[in-house]
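Asks: Residue numbering for the sequence shown follows our numbering, beginning at 3 and increasing consecutively.
For the record, the hints were derived by calculation from the structure and aren't laboratory data.
Fair warning: this is a prediction, and the values are worked out from it, not measured in the lab.
Some hints here could point you the wrong way.
Listed below are the simulated DSBU-like cross-link pairs for lysine-lysine, each with C-alpha atoms no more than 35 Å apart in a straight line [as the list claims (entries may be wrong)]:
1) K59 / K402
2) K279 / K155
3) K85 / K43
4) K401 / K465
5) K59 / K314
6) K465 / K395
7) K395 / K463
8) K296 / K402
9) K463 / K59
10) K85 / K395
11) K76 / K43
12) K296 / K198
13) K296 / K314
14) K76 / K395
15) K198 / K43
16) K147 / K401
17) K59 / K198
18) K314 / K43
19) K296 / K465
20) K76 / K198
21) K279 / K147
22) K43 / K395
23) K296 / K395
24) K76 / K279
25) K402 / K241
26) K465 / K402
27) K76 / K314
28) K43 / K241
29) K279 / K59
30) K465 / K43
31) K59 / K43
32) K59 / K85
33) K279 / K314
34) K296 / K43
35) K395 / K241
36) K314 / K465
37) K241 / K296
38) K76 / K401
39) K85 / K198
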Amino acid sequence: MRFKLLMFFAAISISGLNAQTIPLGTPVIQDYLRRQQLLGKFDSAFSFNYRPITISKNGLNADSLVFNANQYFKTITSFANDKGKVKLLPVEFRMAYDSNHPDSRNDGAMIRARGLQTYLSAGIYTELGPLTIQLKPEFIFAENKDYQGFPFKPRHFESTWQTRYIWYNLIDEPERYGVNSYSRFTWGQSSIRLNKWGLSLGLSTENIWWGPSIRNSIMMSNNAQGFPHLTFNTQKPIKTAVGSFEGQFITARLESSGFNPPASDVIFRGRVSFAPKPDDWRYYQGLSFSYSPKWISGLSLGFTRWVQQYYKNTQATNDYFPAFSNLFRKNDNNVTRTEIDRDQAAGIFGRWVWYDSQAEFYFEFAKNDASLNLRDLLVDTDHSRALTVGINKLFPTTKKHEFWQFNFEWTQMSQTESRLLRNASSWYIHSRVVHGYTNNGEVLGSALGPGGNAQYLEVAKVKDFNRIGGAIERYVHNNDFNNAAFPDDFTRYWVDYNLYGFYEQRFNSMILSASLFYTYSFNYQWEVLFDPDDPSAFPDTPGVDRNNWNFDLKIAYSF
């Protein structure tokens with residue numbers, strides 16, 4: 003409530019407005035600017051490791067021939083000898099539809115829901131001296147139709163449900179947001195900031211993205227609803243004699259969805275498996291920075307660490323800067339229980355742009371279980387690790403400004419062989435911070451979720467803002483659960499094969515992005531048609547397969 007009042011009174015007390023921030027989720031533009039960088043037409047010092055992008059006098063500069071911010075953000079009026087301006091942010095409309103079961107990723111405040119879902123956002127941005135205010139609320143409506151989730155007994159045995167509840171009890175990731183339609187109003191991509199020398203200090207509810215990944219950022223993405231946070235970050239690379247630096251430090255409040263997992267009141271094998279989660283918000287702190295050496299063109303290397311704990315635990319330890327302590331666990335035996343009741347992860351990332359080849363290579367490597375010490379980190383590097391590797395390449399065609407774009411991204415979130423000697427548990431779940439790494443019921447990192455793996459290959463023809471193409475993806479759902487629930491059964495992997503088609507076009511004041519993808523799910527929800535009276539059918543047991551169609555439409559209109 004105090005945050006909402008602060009945003010309201012700040013909005014009515016400032017009379018000068020200006021607009022230059024491109025929020026995450028805005029169709030087309032950020033991908034377009036990334037392509038322009040490969041072509042040498044956009045700031046080569048910017049790493050694309052931190053988003054949203056700010057194009058302003060305190061942020062990045064863009065050639066008006068590449069991106070004309072004055073055309074994209076409509077000026078209403080100016081004041082104070084033209085030092086202050088009032089501009090409108092583009093109106094954004096999104097629509098998503100899933101025919102059989104939800105499959106939504108990297109869509110911010112939109113939720114996992116079957117049926118039709120819509121999103122509407124509009125706003126203004128304020129700048130007066132070093133003070134800026136962006137007001138960009140969001141409204142979401144979802145039909146939230148019923149669908150077949152994790153099958154009830156006897157389709158899955160009670161012992162399987164008990165294993166499933168190991169995950170349900172350690173993460174806030176409901177199958178369905180209630181039984182009725184869902185609507186929500188949020189502050190969306192709003193912020194209040196003080197900006198100077200390429201730095202920014204403020205209060206924000208914007209979605210943020212850390213790392214160079216295009217589809218699956220391990221540590222922070224826009225897969226979940228944005229959350230209120232205090233932020234100190236760079237808005238452009240800070241250049242020094244040895245290279246440039248970028249980064250962000252945030253302290254935030256994460257909330258639960260308020261919805262229970264399925265069958266939360268059902269008795270399995272003599273007891274209720276569901277364990278209610280604490281009614282407390284989570285104190286979150288994250289730190290990320292990257293360095294681009296002066297002597298190696300296009301290279302950036304970075305580090306990220308985040309820590310979350312329930313607020314009552316923060317009060318008990320009086321530790322309001324946990325991101326700066328206990329990187330290793332060698333001192334665990336010498337600290338109190340409350341000091342251990344926190345969830346953390348750390349990782350490194352890198353991006354290397356090869357301008358002569360109009361290509362880039364990027365990676366993220368992160369661990370969700372702190373190593374005992376440096377020796378443990380070097381000896382058992384695979385323990386608890388997740389990895390994303392990607393390459394993006396443009397090939398010129400015979401036509402001016404037209405290219406073929408190839409993108410391949412490989413992500414592994416499931417546990418490695420190290421689990422056989424030391425269980426690390428799945429990414430994004432936690433035995434003490436039992437809401438997991440989520441906000442409003444969705445994972446803050448990779449949309450693949452706990453134990454998910456994916457391989458994605460995309461081919462598209464691009465020209466300026468416009469893009470048309472297709473992709474194929476193989477997505478394995480929660481391998482960690484599969485291995486725990488069915489250790490001797492190699493027929494139950496839940497694997498989706500996705501075929502994508504997409505079209506992006508700029509029409510003067512309007513930008514349109516449309517995609518259609520078809521999913522064939524093998525062994526949906528890890529279910530096979532097992533006949534206990536015919537054990538000889540194994541391993542030719544047929545699976546319960548599903549088809550799903552997903553349509554996604556995004557429109558941004560500038561006045």
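Asks: Does each hint hold? Answer for all of them.
Replies: Tested hints:
1. K59 / K402: 32 Å, holds
2. K279 / K155: Within the cut-off at roughly 24 Å; holds.
3. K85 / K43: 28 Å, holds
4. K401 / K465: 9 Å, holds
5. K59 / K314: Given that 35 Å is the threshold and the Cα spacing comes to 41 Å, the pair is violated.
6. K465 / K395: 14 Å, holds
7. K395 / K463: Holds. K395 to K463 sits at ~12 Å (cutoff 35 Å).
8. K296 / K402: 32 Å, holds
9. K463 / K59: Holds, because 33 Å separates the two Cα atoms, which is no more than 35 Å.
10. K85 / K395: This hinted pair is violated, its Cα atoms lying about 41 Å apart.
11. K76 / K43: Within the cut-off at roughly 24 Å; holds.
12. K296 / K198: 23 Å, holds
13. K296 / K314: 45 Å, violated
14. K76 / K395: 34 Å, holds
15. K198 / K43: With a Cα-Cα distance of about 25 Å, the restraint between K198 and K43 holds, given a limit of 35 Å.
16. K147 / K401: 46 Å, violated
17. K59 / K198: It holds: about 9 Å lies between the C-alpha atoms, which stays within 35 Å.
18. K314 / K43: Distance of about 50 Å is beyond 35 Å: violated.
19. K296 / K465: 31 Å, holds
20. K76 / K198: Status holds; Cα separation ~24 Å.
21. K279 / K147: 25 Å, holds
22. K43 / K395: Within the cut-off at roughly 15 Å; holds.
23. K296 / K395: 23 Å, holds
24. K76 / K279: Distance of about 46 Å is beyond 35 Å: violated.
25. K402 / K241: 34 Å, holds
26. K465 / K402: Measuring from Cα to Cα gives roughly 9 Å; hence the hint holds.
27. K76 / K314: Violated, at roughly 45 Å.
28. K43 / K241: Satisfied, since the Cα-Cα distance of roughly 19 Å is no more than 35 Å.
29. K279 / K59: Status violated; Cα separation ~46 Å.
30. K465 / K43: 14 Å, holds
31. K59 / K43: This hinted pair holds, its Cα atoms lying about 18 Å apart.
32. K59 / K85: Since the Cα atoms of K59 and K85 sit roughly 12 Å apart, the hinted pair holds (cutoff 35 Å).
33. K279 / K314: 14 Å, holds
34. K296 / K43: 19 Å, holds
35. K395 / K241: 27 Å, holds
36. K314 / K465: 53 Å, violated
37. K241 / K296: 9 Å, holds
38. K76 / K401: 33 Å, holds
39. K85 / K198: 16 Å, holds
Checked against the numbered hints given earlier, the structure breaks hints 5, 10, 13, 16, 18, 24, 27, 29 and 36 and satisfies all the rest.
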